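K.L.:
Please put together the full structure from these sequences, using the hints given.
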Amino acid sequence: MANETATHDERLRDLEAEAFRTGRTLAEHSEQLTTIREQQRTAFGNIDSLANAVGAPGDRSITERLDTIERVLFALARAQGIDPDAAP
1 MANETATHDE
11 RLRDLEAEAF
21 RTGRTLAEHS
31 EQLTTIREQQ
41 RTAFGNIDSL
51 ANAVGAPGDR
61 SITERLDTIE
71 RVLFALARAQ
81 GIDPDAAP
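Residue numbers are given in our numbering: position 45 of the sequence shown equals residue 45, and the series is strictly consecutive.
Quick caveat, the hints were computed from the structure, so don't treat them as lab data. On a predicted model such as this, the values are computed, not experimentally measured, just so you know. Glycine included, C-beta positions come from ideal geometry on N, C-alpha and C. Some hints could be false.
Label pairs and their calculated CB-CB ranges [said to hold, decoys possible]:
| # | residue 1 | residue 2 | range |
| --- | --- | --- | --- |
| 1 | T63 | R24 | 43 to 49 Å |
| 2 | T68 | E18 | 27 to 33 Å |
| 3 | F20 | Q80 | 43 to 49 Å |
| 4 | Q39 | A6 | 45 to 51 Å |
| 5 | H29 | A79 | 35 to 41 Å |
P.N.:
Spelled out as structure tokens, the structure:
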């Protein structure tokens with residue numbers, strides 16, 4: 001009976017440790033998702049700002065404005081010695 005109790009206690013400790021690790025992992029993933037969302041918000045804000053800088057909304061389609069932005073970014077990369085087509 002004592003052996004069964006010890007085994008039960010060990011299993012309970014293992015389950016508690018696993019639950020703690022899972023909780024910590026979920027918290028870490030939640031923090032990472034928050035960071036990713038902030039980065040996306042910033043990136044989309046930057047894209048909007050660039051698109052508006054290239055042309056006022058309604059002047060040209062967003063596709064045309066984004067194409068212009070892409071050409072500018074590629075030219076900047078090449079001026080810095082970076083091959084944008086080879087970038088990962």
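K.L.:
Confirm or reject each hint.
P.N.:
Each hint, compared with the structure:
no., hint, verdict
1, T63 / R24: 43 to 49 Å, "45 Å, holds"
2, T68 / E18: 27 to 33 Å, "54 Å, violated"
3, F20 / Q80: 43 to 49 Å, "47 Å, holds"
4, Q39 / A6: 45 to 51 Å, "50 Å, holds"
5, H29 / A79: 35 to 41 Å, "39 Å, holds"
Checked against the numbered hints above, the structure violates only hint 2.
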